[in-house]
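Here the protein sequences come in this chain order: X and G.
Here the first sequence is numbered in numbering that gives the first Met the number 0, starting from 0 and rising by one per residue.
Here the second sequence is numbered in numbering that gives the first Met the number 0, starting from 0 and rising by one per residue.
Misleading hints may appear alongside valid ones.
Within a straight-line C-alpha distance of at most 30 angstroms, the following computed DSSO-like cross-link-like pairs (lysine-lysine) qualify [what the hints assert, rightly or not]:
| hint | chain 1 | residue 1 | chain 2 | residue 2 |
| --- | --- | --- | --- | --- |
| 1 | G | K385 | G | K319 |
| 2 | G | K319 | G | K303 |
| 3 | G | K319 | G | K422 |
| 4 | X | K111 | G | K129 |
| 5 | G | K36 | G | K129 |
| 6 | G | K36 | X | K125 |
| 7 | X | K186 | X | K324 |
| 8 | G | K303 | X | K125 |
| 9 | X | K173 | X | K208 |
It should be emphasised that the hints constitute simulated quantities derived from the structure, not laboratory data.
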Amino acid sequence: MTNSQSTPGIVPNRLSGDAYGDNFSDLHPPLNDHEALVAADRCYFCHDAPCMEACPTTIDIPLFIRQIATGTPEAAAKTILNQNILGGMCARVCPTETLCEEVCVRETAEGKPVVIGELQRYATDKAMGAHPFTRAASTGKSVAVVGAGPAGLSAAHRLAMHGHDVVIYDARPKAGGLNEFGIASYKSTNDFAAREVEWLLSIGGITVKLGQALGNGLTLDKLSADHDAVFLGMGLAGVNALGVEGDDKDGVLDAVDFISDLRQASDLSTLPVGRHVVVIGGGMTAVDAAVQAKLLGAEDVALVYRRGRDRMGASKFEQDLAASKGVRIITHASPKAVHGNGAVREVEFAYTADGADGLAETGEVFRLPADQVFKAIGQTLGDGQGLELEGRKISISMTGRTSRAGVWAGGDCASGGDDLTVTAVAEGRDAAEDIHATLMGEG
Amino acid sequence: MKDLLNGTRYGADLHSNFLGIESPNPFWLASAPPTDKEVNVRRAYEAGWGGVVWKTLGEAGPPVVNVSGPRYGAIFGADRRLLGLNNIELITDRPLEVNLEEIARVKRDYPDRALIVSLMVPCEEEPWRKILKEVELTGADGVELNFGCPHGMAERGMGAAVGQVPEYIEMVTGWVKKHSNLPCIVKLTPNISNILMPAQAAMRGGADAVSLINTINSITSVNLDAMSPEPMIDGMGTHGGYCGPAVKPIAMNMVAEIARSQDTKGLPISAIGGVTTWRDAAEFMALGAGNVQVCTAAMTYGFKVVQEMISGLSQWMDEKGYESTSDFIGLAAPKVTDWQHLNLDFVTKAEINQDDCISCGRCFAACEDTSHQAIEMSEDRVFTVKDDECVACNLCVNVCPVEGCITMRQLGVDEIDERTGMKVPADKRTWLEHPNNPSADPNTCIIRGQ
Ligand SMILES: Cc1cc2nc3c(=O)[nH]c(=O)nc-3n(C[C@H](O)[C@H](O)[C@H](O)COP(=O)(O)OP(=O)(O)OC[C@H]3O[C@@H](n4cnc5c(N)ncnc54)[C@H](O)[C@@H]3O)c2cc1C
Ligand SMILES: Cc1cc2nc3c(=O)[nH]c(=O)nc-3n(C[C@H](O)[C@H](O)[C@H](O)COP(=O)(O)O)c2cc1C
Ligand code: SF4
Ligand code: SF4
Ligand code: SF4
Numbered sequence: 000m001t002n003s004q005s006t007p008g009i010v011p012n013r014l015s016g017d018a019y020g021d022n023f024s025d026l027h028p029p030l031n032d033h034e035a036l037v038a039a040d041r042c043y044f045c046h047d048a049p050c051m052e053a054c055p056t057t058i059d060i061p062l063f064i065r066q067i068a069t070g071t072p073e074a075a076a077k078t079i080l081n082q083n084i085l086g087g088m089c090a091r092v093c094p095t096e097t098l099c100e101e102v103c104v105r106e107t108a109e110g111k112p113v114v115i116g117e118l119q120r121y122a123t124d125k126a127m128g129a130h131p132f133t134r135a136a137s138t139g140k141s142v143a144v145v146g147a148g149p150a151g152l153s154a155a156h157r158l159a160m161h162g163h164d165v166v167i168y169d170a171r172p173k174a175g176g177l178n179e180f181g182i183a184s185y186k187s188t189n190d191f192a193a194r195e196v197e198w199l200l201s202i203g204g205i206t207v208k209l210g211q212a213l214g215n216g217l218t219l220d221k222l223s224a225d226h227d228a229v230f231l232g233m234g235l236a237g238v239n240a241l242g243v244e245g246d247d248k249d250g251v252l253d254a255v256d257f258i259s260d261l262r263q264a265s266d267l268s269t270l271p272v273g274r275h276v277v278v279i280g281g282g283m284t285a286v287d288a289a290v291q292a293k294l295l296g297a298e299d300v301a302l303v304y305r306r307g308r309d310r311m312g313a314s315k316f317e318q319d320l321a322a323s324k325g326v327r328i329i330t331h332a333s334p335k336a337v338h339g340n341g342a343v344r345e346v347e348f349a350y351t352a353d354g355a356d357g358l359a360e361t362g363e364v365f366r367l368p369a370d371q372v373f374k375a376i377g378q379t380l381g382d383g384q385g386l387e388l389e390g391r392k393i394s395i396s397m398t399g400r401t402s403r404a405g406v407w408a409g410g411d412c413a414s415g416g417d418d419l420t421v422t423a424v425a426e427g428r429d430a431a432e433d434i435h436a437t438l439m440g441e442g
Numbered sequence: 000m001k002d003l004l005n006g007t008r009y010g011a012d013l014h015s016n017f018l019g020i021e022s023p024n025p026f027w028l029a030s031a032p033p034t035d036k037e038v039n040v041r042r043a044y045e046a047g048w049g050g051v052v053w054k055t056l057g058e059a060g061p062p063v064v065n066v067s068g069p070r071y072g073a074i075f076g077a078d079r080r081l082l083g084l085n086n087i088e089l090i091t092d093r094p095l096e097v098n099l100e101e102i103a104r105v106k107r108d109y110p111d112r113a114l115i116v117s118l119m120v121p122c123e124e125e126p127w128r129k130i131l132k133e134v135e136l137t138g139a140d141g142v143e144l145n146f147g148c149p150h151g152m153a154e155r156g157m158g159a160a161v162g163q164v165p166e167y168i169e170m171v172t173g174w175v176k177k178h179s180n181l182p183c184i185v186k187l188t189p190n191i192s193n194i195l196m197p198a199q200a201a202m203r204g205g206a207d208a209v210s211l212i213n214t215i216n217s218i219t220s221v222n223l224d225a226m227s228p229e230p231m232i233d234g235m236g237t238h239g240g241y242c243g244p245a246v247k248p249i250a251m252n253m254v255a256e257i258a259r260s261q262d263t264k265g266l267p268i269s270a271i272g273g274v275t276t277w278r279d280a281a282e283f284m285a286l287g288a289g290n291v292q293v294c295t296a297a298m299t300y301g302f303k304v305v306q307e308m309i310s311g312l313s314q315w316m317d318e319k320g321y322e323s324t325s326d327f328i329g330l331a332a333p334k335v336t337d338w339q340h341l342n343l344d345f346v347t348k349a350e351i352n353q354d355d356c357i358s359c360g361r362c363f364a365a366c367e368d369t370s371h372q373a374i375e376m377s378e379d380r381v382f383t384v385k386d387d388e389c390v391a392c393n394l395c396v397n398v399c400p401v402e403g404c405i406t407m408r409q410l411g412v413d414e415i416d417e418r419t420g421m422k423v424p425a426d427k428r429t430w431l432e433h434p435n436n437p438s439a440d441p442n443t444c445i446i447r448g449q
């Protein structure tokens, strides 16, 4: 039976067949050759370019765009991948509006930046065939990498290139980390995450062991004993709890789990979604959950955040994207209780205001109907492995060194930098360079 | 270019050998402001330039004096893209001894890069002899004789004043070869009517190579309030030297003429004029240049621009299977011919790809108003080519804003050209055999039944 958007409860199949394909197609369709040339032509080849400075992996943006403009996108890809081996994924998922494109001088001049992200995708798409890098002669050294997310993959690739043997251990049944399980589907279509991992690994010298979790049979001591160095890139395994009455009712879920199910679904029409969906949180995860719930056919989706829009972790672009898909964004409201008889029926919120002592409830409350609630109020480091922490993350130096000799860390699990794919890639790469220098006796 | 990661190259080896002067790539900076000082030249080498021709030196004595008002004018394309630059700068205005000391230091520190010294001294043997001895002491790889500067120096009997008189070129080149063993490149001015005359004179004088072009006499703009040409110096202006992307077609023709002329064939050429991307360089070299020199592109984008030239040229060479630059240098030169040798039986027709067409109508306006009325426009703005009117002039292709949207389809043998009714023959017929040519060979016409 086909359901509709107004079918009560949490059900699959709310849309007609084609609608799924349309809704989850590429957010930014790839540029064709003509569009790429026109877009590339706008770049001024700035000296000491601000965009380059704003890229966490410091890609030579003016050079790669000029290489596109002169008809050599393959050379452009090489320029990108030299700095950022996951340049393909980053082109799709980077919040460019708060990174390179925000500081593009043409944003300053005309309010319209050079579309760096789309050009990066244009170039890297041309390089997804044969792997462009080769390995240096074997060093006989072995490095363990925990986590096959962007941080771990980036570190592993750089280490393999320097001639070290790498073993990646990942708890999940599939490599890729949040590229595979977290990023919104319309940013990474056609199984791009998996294809990119396969392409990355084709450099050789990297063994991936899946279903192997540090803390579950695998210990840091053992890894340290078996390998010459260890890199931890295990991301954030924990999820913050809501901590309000009724938050254990049926239908209250972690947004990351919903997204992960969605990313792994082979047929989106089989995925159940509520009629009334409430998402709590203000970051990228909240927006992605809200937008994708709407795209799956939820009748109404409210994204509720306790502070103002300007404080949301999601960028202005992402907020606008959510609004354009029909997500209602409610700010200055904090959850008080989840009501319902077994399953959730309503969520109660208190209005908040920024006062002298921080955020305070105003006393006014309201309720939103809900048969599905997604919690997206932040993720946490799981087991810190006894390493020194900074805040709630593993404390690292500029080059990724942890408090324990021989152990490096990077990406979401480590201190410093934003929780972004591109930051994880940069940290993985830099730690790999430091590991290499250390193992070769230069460190 | 070295890969940042593991030392493998981007692709083909760009190593260049010009007159025995080695450089890691064929991209040299032309004698101009980018090469006027040690600090620039060091930075240029660090950025990847294969060689430099030092800013032209004059004889010792009171230094040259430049204007202290604007010395450049420019022509822009859409989006303020700099297409042409014009300047009224003279040769170096720094003391000779300072330049010579710097040249010696830089050459010592960068032995693998080419360093050529550009010279311009009065048209007498002694000053040339003297300065050559001084240049030899620096360890420089060669000299370039600046017979091209079109302004300022010409009034003093140097630069273009020499370059426009073949006898002077021959004479001065002869002195240089007599007093020095350094490879000698003669830089030609384009401000003449036939580039072969100065090129032949240089050869007669014993030049090892020619380089061209220097800048072209020009006025880039007129200030309509002040009623003065620009750049304007205290209300007056003068013609300056034009360079940049706009002059490339002129320079390419001159290079090709020298490369294909019986008299000058084989004379090594260093090509200059508008080189901005790897492709420009490949084109000049295909026409017969051994290497290229660049000025405006560096002045517009900075020294880093060479990185695109390097990666692009080696990627292209890889794709084509060329292992060294000598594999493709001059390959296009034999294809440059005179109009009378073109095949007049070769027929193409414009074809519009309807999927790419954005219906702007520019092709229609161009063809209808100014060409052969061969494009049809329907009520709903569909544009199609009328094969019975199309002369294949290519104007629509050139004005269409979507590259690749209009292409030329070549008619096969025995296909009928709907415009002329002629069947495309298997053999070819040039003007020399054409029936309309009063002095054509009648036999060809008879055989063809015409
Ligand atoms: C829903 C969502 C959407 C996002 N959207 C964007 C976006 O659009 N753009 C953007 O730039 N960033 C986005 N991010 C953030 C981005 O995904 C992360 O910053 C990035 O993936 C961090 O990379 P990482 O390698 O540190 O960790 P992860 O990608 O989390 O990878 C960690 C890996 O370690 C494995 N692992 C965990 N614990 C263990 C263990 N104990 N033993 C072995 N293996 C373990 C995991 O299985 C996983 O494969 C998003 C995040 C989420 C949650
Ligand atoms: C400001 C300026 C100064 C120049 N000075 C010299 C010079 O001193 N000697 C010389 O041989 N050519 C000089 N040139 C000419 C250049 O070397 C070069 O031949 C010309 O600019 C064409 O190359 P381009 O199109 O790459 O700029 C000068 C050009 C410019 C723009
Ligand atoms: S800031 Fe913008 S215009 Fe300048 S180099 Fe970067 S992308 Fe190009
Ligand atoms: S480019 Fe430099 S020297 Fe020339 S006018 Fe501008 S600031 Fe002055
Ligand atoms: S100029 Fe090109 S795009 Fe414009 S109508 Fe003609 S074919 Fe179409």
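Structure-based check of all given hints:
1. G:K385 to G:K319: 37 angstroms, violated
2. G:K319 to G:K303: With a Cα-Cα distance of about 25 angstroms, the restraint between G:K319 and G:K303 holds, given a limit of 30 angstroms.
3. G:K319 to G:K422: 35 angstroms, violated
4. X:K111 to G:K129: With Cα atoms ~58 angstroms apart, X:K111 and G:K129 exceed 30 angstroms; violated.
5. G:K36 to G:K129: 22 angstroms, holds
6. G:K36 to X:K125: 41 angstroms, violated
7. X:K186 to X:K324: Roughly 15 angstroms between the alpha carbons, so the hint for X:K186 and X:K324 holds.
8. G:K303 to X:K125: 24 angstroms, holds
9. X:K173 to X:K208: Holds. X:K173 to X:K208 sits at ~10 angstroms (cutoff 30 angstroms).
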